[in-house]
Amino acid sequence: MVQPELAGQTSAKKGVLDPIIALLRWIWDRLERTLLLAIKLVFPSRFISPLGFLGMLTVIVFLILGVTGALLLFHFQPIFGDCPPAAPNTTYVPAATCNSAFNSVSSINNQVNWGFLIRNIHYQASNAMVLLAVMHMFYQYFAGRYKLRYEILWVTGIILGVVTIIEAYTGYDLIFNIRGQLAINIGQTLTYYTPVLGANLAQIIFGFSFNDLTIRFYAFHVFIIPIIMLAIMSIHLPKNLVLDIPVAAAITGIILILGGLFPVEVGVRYDPNQLTQITFPEWYFTSLYSFIRIQGLNPFIAGAIIPGVFVLIFTIVPFFDRGRKIAMIDRPFWVALGVASLGQIAIVTVWGFRAGNPFQPLLTEGQLLIDPVLFTGSLLIATALSYGFVYVFVRWRRAKLDALRAAKKPIPYRKAQPYLLTKSEVYALLGGLLLLQAFLDVAIFRAFLDTLNNFALLEIGMVLVAFAATVHIYRVSAQVK
Amino acid sequence: MSDDEKKATPQPSAAASPAARTPTVPPQPAKQTSTTKTTKISRRAFVVGALGASTLLAIGAFAPPSMPSWDILNPLPPTREGPTLVTTWKTLDSKYQNAVSKGNLYSPSEYSEFFYFPYPVTASPYYKNVITRLPGPPDVPIDLVNPFYSNDPILKKVAAFNLTCVHLRCIVNPGYGSGEFRLQCPCHGSQYRLTDAVPVAGPAFDLGLLPLPRVKLSYDSASGNITATDLDGTAGVGRTD
Numbered sequence: 001m002v003q004p005e006l007a008g009q010t011s012a013k014k015g016v017l018d019p020i021i022a023l024l025r026w027i028w029d030r031l032e033r034t035l036l037l038a039i040k041l042v043f044p045s046r047f048i049s050p051l052g053f054l055g056m057l058t059v060i061v062f063l064i065l066g067v068t069g070a071l072l073l074f075h076f077q078p079i080f081g082d083c084p085p086a087a088p089n090t091t092y093v094p095a096a097t098c099n100s101a102f103n104s105v106s107s108i109n110n111q112v113n114w115g116f117l118i119r120n121i122h123y124q125a126s127n128a129m130v131l132l133a134v135m136h137m138f139y140q141y142f143a144g145r146y147k148l149r150y151e152i153l154w155v156t157g158i159i160l161g162v163v164t165i166i167e168a169y170t171g172y173d174l175i176f177n178i179r180g181q182l183a184i185n186i187g188q189t190l191t192y193y194t195p196v197l198g199a200n201l202a203q204i205i206f207g208f209s210f211n212d213l214t215i216r217f218y219a220f221h222v223f224i225i226p227i228i229m230l231a232i233m234s235i236h237l238p239k240n241l242v243l244d245i246p247v248a249a250a251i252t253g254i255i256l257i258l259g260g261l262f263p264v265e266v267g268v269r270y271d272p273n274q275l276t277q278i279t280f281p282e283w284y285f286t287s288l289y290s291f292i293r294i295q296g297l298n299p300f301i302a303g304a305i306i307p308g309v310f311v312l313i314f315t316i317v318p319f320f321d322r323g324r325k326i327a328m329i330d331r332p333f334w335v336a337l338g339v340a341s342l343g344q345i346a347i348v349t350v351w352g353f354r355a356g357n358p359f360q361p362l363l364t365e366g367q368l369l370i371d372p373v374l375f376t377g378s379l380l381i382a383t384a385l386s387y388g389f390v391y392v393f394v395r396w397r398r399a400k401l402d403a404l405r406a407a408k409k410p411i412p413y414r415k416a417q418p419y420l421l422t423k424s425e426v427y428a429l430l431g432g433l434l435l436l437q438a439f440l441d442v443a444i445f446r447a448f449l450d451t452l453n454n455f456a457l458l459e460i461g462m463v464l465v466a467f468a469a470t471v472h473i474y475r476v477s478a479q480v481k
Numbered sequence: 001m002s003d004d005e006k007k008a009t010p011q012p013s014a015a016a017s018p019a020a021r022t023p024t025v026p027p028q029p030a031k032q033t034s035t036t037k038t039t040k041i042s043r044r045a046f047v048v049g050a051l052g053a054s055t056l057l058a059i060g061a062f063a064p065p066s067m068p069s070w071d072i073l074n075p076l077p078p079t080r081e082g083p084t085l086v087t088t089w090k091t092l093d094s095k096y097q098n099a100v101s102k103g104n105l106y107s108p109s110e111y112s113e114f115f116y117f118p119y120p121v122t123a124s125p126y127y128k129n130v131i132t133r134l135p136g137p138p139d140v141p142i143d144l145v146n147p148f149y150s151n152d153p154i155l156k157k158v159a160a161f162n163l164t165c166v167h168l169r170c171i172v173n174p175g176y177g178s179g180e181f182r183l184q185c186p187c188h189g190s191q192y193r194l195t196d197a198v199p200v201a202g203p204a205f206d207l208g209l210l211p212l213p214r215v216k217l218s219y220d221s222a223s224g225n226i227t228a229t230d231l232d233g234t235a236g237v238g239r240t241d
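Protein sequence lines, in the order shown, are assigned to chains H and P. For the first sequence, this note's numbering gives the first residue as 1, with consecutive numbering after it. For the second sequence, this note's numbering gives the first residue as 1, with consecutive numbering after it.
Don't read these hints as lab results, they were simulated from the structure. Remember, predicted model here, so these are calculated numbers, not experimental data. Treat the hints with care, as some may be off.
Only pairs whose alpha carbons sit at most 25 Å apart, straight line, appear in this in silico SDA-like list of lysine to any residue [unchecked claim]:
no. : chain 1 : residue 1 : chain 2 : residue 2
1   : P       : K128      : H       : G267
2   : P       : K128      : H       : Q188
3   : P       : K128      : H       : R179
4   : H       : K415      : H       : R331
5   : H       : K147      : H       : R269
6   : P       : K95       : H       : N273
7   : P       : K128      : H       : C98
8   : P       : K102      : P       : G175
9   : H       : K147      : H       : P410
10  : P       : K95       : P       : L105
11  : P       : K128      : H       : A399
12  : P       : K128      : H       : R269
Given the sequences, and given the hints that come with them, work out the whole structure.
Structure below.
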């Protein structure tokens, strides 16, 4: 009596889900014909170094930028110097000092619901994308993944990196604060100084008026350059991709935490009637800015030729490094070259923030010019030292290993033993993390009620990091039998 | 040309009945190339040539020299303003006398006026100009004279220039430095002589850049009006005279 009923129930349950499963299977079968299933997406079941899939993390940050950018589109006004007439009973605001682009960004930051959060995520994610792209490039460089059939991936990657920085440039100009205005001035001048095509190119890119410029940069930033990036990405994406959910969640969480801890401000509104103030470019441009500030150096050489040569050297590396070996220890010259370029980037970036006297921060006018001897001297010393040390170290290490091999001794290497959590530790950690998440969720709710926006952002980020930790602990402890 | 066409036209008709002709077609081209190689071109060459010419003409349709299609990329510049009243000699001079009596002789922005010409500030902030009364002998030992109007009794005491620095497009400001009246850039320290806006210090001088664009002026002695008639040079680039 009982058993048939049970059997009937289970079969009825199966019957409910069957059409859905059939539908999913039907969809999956048809997806076989698309590009989607050609990409092999791997979800690693154990922890692997995120350095190996920095490119995928860059893609994730790109997606975050796409989503937050799309949300910002609903509120941003790409208009300069053409405000609507003032409301009655208010003081008249002359159109000349009106800056609709800046005003809309400031209203996104201060008035639009969730606007502060979305803008902060967008800003921090843009920084993260530039940083991750550069880290990705250097990791691939040191891992030797630019030669031996990696050439096209490498060259498209370099192009993609340059386009990413241009995209970031067009983005922060759109705010039309004094920082954006500095970048516009410099960019326009450098374009103008381009031989032969300069004047026409500047007119096409920047337009005639600042209103032209706003609309053009808006078009570049939200459509043209992202499309170009997607096109290059379609070549640059390898067939096998690693999507590590906990690391992706942690990166997203860190972006939000940074947004909460260092909320980006709208900056000083650009007003053509006010005197120009001293300001910095974004951190990824201070290196170029320091070149432009060198006394007696033509801005076009400083801002276009020198960085161009730097990028070009990176681009042609695979065509000069013809060796078949990719281990760092077998490539002392190229490894030392990579470290030297890192040293150059570091010292030049720091110079961008310093006054003409490098021990003084850049604060007031009259400090901007940099002495070429001091600058070039510090650059050469940094390059020579970093190159020399690394080259000697790699050769020394190589000689040591060769000696061991010749003596037929075992090559010593350290292998860190993974720390396996006991059962009670797993329970305690997971329970604690769940409690933390629950607490943070309530805290986020409270923070929103009290309009503590950056606190909410910080806590959302922490929840994501806690989630990442939970998934990671699950993954680690599930392997232990 | 007519020979080529004659050669080209019969060929398609010859190939029109394909089934019957197929076995005899292969030897035919070999015969032709051997006998009439110098005067006639092959069908393949003609077709390829026609394809190429057609492609070029199709591209050419988008690029008439009178209005090239890349003009869609160019912005629509606002209309350039004609002669515009800037100020009167009386106001400018009284400002100067006031500043001198208050002891502000060495801050020339006290007796300068700023104006946007020939495009409004809503169009571009780079068309900001200054008009300054140049200090004269009772107050300073040397008579500062605008070299472009050295014969005009009033306009020689007036200087008017575009303020966009030719170095990196910051807006410069009248000031005083190194014993000279100058236009000084707050960003990177370029300095221009106040009388003729030639760079004398800073990056603009180091790099040998052009002087600032000059506002051409006219003076009406009856009303005392000073009118800007034209801008000589391009803002942010400089003037070439």
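Each hint tested on the structure:
Proximity of K128 of chain P to G267 of chain H is assessed by CA-CA distance (about 24 Å); at most 25 Å being required, the pair is judged to hold. Between K128 of chain P and Q188 of chain H, the direct Cα distance comes to roughly 17 Å. Compliance with the 25 Å bound is thereby established for this hinted pair. Distance hint between K128 of chain P and R179 of chain H is fulfilled; the C-alpha atoms sit about 20 Å from each other, no more than 25 Å. Annotation: proposed proximity of K415 of chain H to R331 of chain H holds, straight-line Cα distance about 23 Å (limit 25 Å).
This hinted pair does not check out: K147 of chain H and R269 of chain H have alpha carbons roughly 47 Å apart, beyond 25 Å. A distance of roughly 20 Å separates the Cα atoms of K95 of chain P and N273 of chain H; the hinted pair therefore holds under the 25 Å criterion. At most 25 Å may separate the alpha-carbon atoms for a hinted pair to count; K128 of chain P and C98 of chain H meet this at roughly 16 Å. About 16 Å separates the Cα atoms of K102 of chain P and G175 of chain P, which keeps this hinted pair within 25 Å; it holds.
Between K147 of chain H and P410 of chain H the CA atoms are separated by roughly 30 Å; this puts the pair beyond 25 Å, and the hint is violated. For a cut-off of 25 Å, the pair hint linking K95 of chain P to L105 of chain P stands: about 11 Å separates their Cα positions. Taken as a hint, the K128 of chain P and A399 of chain H pair is broken in the structure, with Cα atoms around 67 Å apart against an allowance of 25 Å. Note on K128 of chain P and R269 of chain H: the hinted pairing holds, with a Cα-Cα distance of about 18 Å set against a maximum of 25 Å.
Checked against the numbered hints above, the structure violates hints 5, 9 and 11; every other hint is satisfied.
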